[in-house]
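Build out the structure end to end from the sequences listed, making use of the hints.
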Amino acid sequence: MKQVRLNNSVMMPSIGYGVFQIPQNETERCVSDALETGYRMIDTASSYFNEKEVGAAIRNSGIKREEIFVTTKLWVQDYEIDDVLRAFDKSMSNLGLDYLDLYLLHKPYGNYYAAWRALERLYKEGRIHAIGVTSFTDERLLDLFLHNGIKPMVNQVETNPFHQQKATNEFLAKEGIVHEAWAPFAEGQNDIFHNPVLAGIAEKHGKSVGQVILRWLNQRNVVVIPKSVRKERMAENLNIFDFSLSSEEMAAIARLDTGKSPIYDDMDLATVRGISTHTIR
1 MKQVRLNNSV
11 MMPSIGYGVF
21 QIPQNETERC
31 VSDALETGYR
41 MIDTASSYFN
51 EKEVGAAIRN
61 SGIKREEIFV
71 TTKLWVQDYE
81 IDDVLRAFDK
91 SMSNLGLDYL
101 DLYLLHKPYG
111 NYYAAWRALE
121 RLYKEGRIHA
131 IGVTSFTDER
141 LLDLFLHNGI
151 KPMVNQVETN
161 PFHQQKATNE
171 FLAKEGIVHE
181 AWAPFAEGQN
191 DIFHNPVLAG
201 IAEKHGKSVG
211 QVILRWLNQR
221 NVVVIPKSVR
231 KERMAENLNI
241 FDFSLSSEEM
251 AAIARLDTGK
261 SPIYDDMDLA
271 TVRGISTHTI
281 R
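Quick note: the sequence shown uses the numbering used here, first residue 1, plus one each step.
If you are wondering where the hints come from, they were derived from the structure by calculation, not from laboratory data.
Note that CB positions come from ideal geometry on N, CA and C, so glycine has one too.
Hints may contain errors.
Here are the simulated lysine-lysine pairs, BS3-like style, with alpha carbons at most 25 Å apart [to be verified]: (1) 231 / 2; (2) 260 / 174; (3) 174 / 2.
Label pairs and their in silico Cβ distance ranges [unchecked claim]: (4) 63 / 270: 41 to 47 Å; (5) 63 / 230: 18 to 24 Å; (6) 137 / 176: 15 to 21 Å.
Here's what the structure looks like:
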């Protein structure tokens with residue numbers, strides 16, 4: 001498994017398994033299948049309501065804890081310092097873990113300054129091996145680390161062929177922050193799996209469209225966390241290291257960029273209000 005080095009020297013797998021929108025009653029089976037298939041990074045969140053099931057699969061896997069990189073996320077509702085500490089303890093109890101590999105602020109709303117300082121504290125205490133953020137725009141991320149003590153190690157942002165985040169990729173690389181993609185398949189929007197450009201490249205390599213997308217991200221040094229509930233698709237998504245995309249193919253995919261999300265507009269005021277006020281308990 002190819003790994004990337006975070007700016008604090010922690011090693012992180014370049015591809016992992018995401019559990020967003022997997023129902024609780026399927027999560028343990030799916031994570032067990034993913035671990036059996038060879039995944040060694042699992043990405044969950046308190047707002048996904050399946051941390052307990054993720055933890056159960058990890059415990060029952062027979063794999064040494066230090067071989068599995070576990071990420072979870074703090075929801076906006078818990079961004080005050082005392083709330084962060086309680087929410088972290090709750091996540092750790094749900095997961096059944098003694099330490100966390102990566103803890104992310106889930107969205108750039110609310111009192112994320114206070115939340116970040118609480119994460120810094122947990123990191124310094126050794127309870128978390130790396131800390132980062134999710135869905136932070138470049139200017140908010142820059143503002144955050146210019147005025148705090150620890151630079152985030154990861155920014156997990158929507159990244160797919162229709163929303164390629166080219167400027168963000170360059171900014172994160174310059175700052176030594178790992179670019180991690182959520183929604184690499186654009187949640188199926190724009191009929192992505194039948195896109196003629198992607199399908200043509202896939203046919204040439206004898207691969208699926210999904211594998212081409214993941215390989216394209218990998219060649220851009222973007223960490224990926226694809227989701228599937230099917231074990232055969234999990235294996236397919238992991239099998240992206242036996243081929244490479246040419247510069248011409250990379251350029252062809254680059255031309256698919258629309259410069260905006262096909263999923264939701266995070267500059268839309270109703271969207272911001274909805275995310276900022278959403279509660280999970």
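Quick one, are residue 260 and residue 174 close enough, alpha carbons at most 25 Å? 22 Å, holds
Holds or violated: residue 231 with residue 2, Cα cutoff 25 Å? Distance ~21 Å between residue 231 and residue 2 Cα, so the pair holds.
Taken at face value, is the distance from the CA of residue 2 to the CA of residue 174 at most 25 Å? Holds. Residue 174 to residue 2 sits at ~21 Å (cutoff 25 Å).
Outcome for the supplied range 18 to 24 Å, where the beta carbon pair is residue 63 and residue 230: 21 Å, holds
Residue 176 and residue 137 - C-beta distance against the hinted 15 to 21 Å: 18 Å, holds
For the hint 41 to 47 Å, verify it against the beta carbon of residue 63 and that of residue 270. 43 Å, holds
In this structure, every one of the numbered hints holds.
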